[in-house]
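S.K.: Sequence:
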Amino acid sequence: NADNKVAIAKAGAISPLVELLTTGTAVAKEKTAVALSNLAVQNADNKVAIAKAGAISPLVELLTTGTADAKEKAAGALCTLAVNSDNKIAIAKAGAIPPLVE
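Start counting the sequence shown at 2; every next residue gets the next number (the working numbering).
Hints are supplied without guarantee of correctness; some may be wrong.
What the hints assert, rightly or not - With a straight-line cut-off of 27 Å between C-alpha atoms, the simulated DSS-like cross-links for lysine-lysine are:
| id | residue 1 | residue 2 |
| --- | --- | --- |
| 1 | Lys89 | Lys53 |
| 2 | Lys94 | Lys72 |
| 3 | Lys53 | Lys32 |
| 4 | Lys11 | Lys89 |
| 5 | Lys89 | Lys6 |
| 6 | Lys53 | Lys72 |
| 7 | Lys6 | Lys32 |
| 8 | Lys72 | Lys6 |
| 9 | Lys89 | Lys72 |
| 10 | Lys32 | Lys72 |
| 11 | Lys32 | Lys11 |
| 12 | Lys53 | Lys6 |
| 13 | Lys94 | Lys53 |
| 14 | Lys11 | Lys53 |
| 15 | Lys32 | Lys94 |
| 16 | Lys89 | Lys32 |
Simulated from the structure, these hints should not be mistaken for laboratory data. Predicted model only: the values in this text are computed from it and were never measured.
Given only the sequences and the hints, what does the whole structure look like? Please build it.
M.R.: Below you can see the structure in the form of structure tokens.
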């Protein structure tokens with residue numbers, strides 16, 4: 002629901018989720034990638050906020066170090082974030098292209 006996405010972001014949930022991408026268990030990282038992707042779908046402000054909170058680098062890291070499922074979820078989250086042109090550049094600069102094309 003679009004209103005819930007806004008409310009979740011306004012409540013400050015994005016930064017703790019991004020932190021889980023680096024500090025969480027393997028399962029937590031996978032679920033966090035899904036949560037961030039869901040928050041970003043059809044919400045331009047959340048796409049920007051998620052990138053500004055530092056999610057791109059840990060998502061790229063998850064592409065190379067995560068389980069097969071986590072890699073898939075990270076790729077999905079990056080795909081969603083890449084709808085924003087600034088994010089697209091940041092994702093490429095973070096090194097996402099080689100693991101995505103492997």
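S.K.: Is Lys89 close enough to Lys32, meaning Cα to Cα at most 27 Å?
M.R.: Holds: Lys89 and Lys32 sit about 22 Å apart, inside 27 Å.
S.K.: Regarding the pair Lys32 and Lys94, is the alpha-carbon distance no greater than 27 Å?
M.R.: holds, 24 Å
S.K.: Would you check the hint for Lys72 and Lys6, treating anything up to 27 Å between C-alpha atoms as holding?
M.R.: Judged against 27 Å, a Cα distance of about 24 Å means the pair holds.
S.K.: Straight-line Cα separation of Lys32 and Lys72 no greater than 27 Å?
M.R.: This hinted pair holds, its Cα atoms lying about 11 Å apart.
S.K.: Could you grab the alpha-carbon distance between Lys94 and Lys53 and see if it respects the 27 Å cut-off?
M.R.: holds, 15 Å
S.K.: Against the 27 Å threshold, does the CA-CA distance of Lys53 and Lys72 hold or violate the hint?
M.R.: holds, 21 Å
S.K.: Measure nothing beyond the straight line between the CA atoms of Lys53 and Lys32; if it is 27 Å or shorter, mark the hint as holding.
M.R.: Within the cut-off at roughly 20 Å; holds.
S.K.: Hint check: Lys89 vs Lys53, CA-CA at most 27 Å. Holds or violated?
M.R.: holds, 13 Å
S.K.: Hey, Lys6 versus Lys32, does the alpha-carbon distance stay inside 27 Å?
M.R.: The hint holds at about 16 Å.
S.K.: Between the alpha carbons of Lys11 and Lys89, is the straight-line distance 27 Å or under?
M.R.: holds, 24 Å
S.K.: If you draw a straight line from the CA of Lys11 to the CA of Lys53, is it 27 Å or shorter?
M.R.: Cα-Cα ~14 Å, so holds.
S.K.: With a cut-off of 27 Å on the C-alpha distance, tell me whether Lys32 and Lys11 pass.
M.R.: holds, 20 Å
Of the hints listed earlier, there is not a single one the structure fails to meet.
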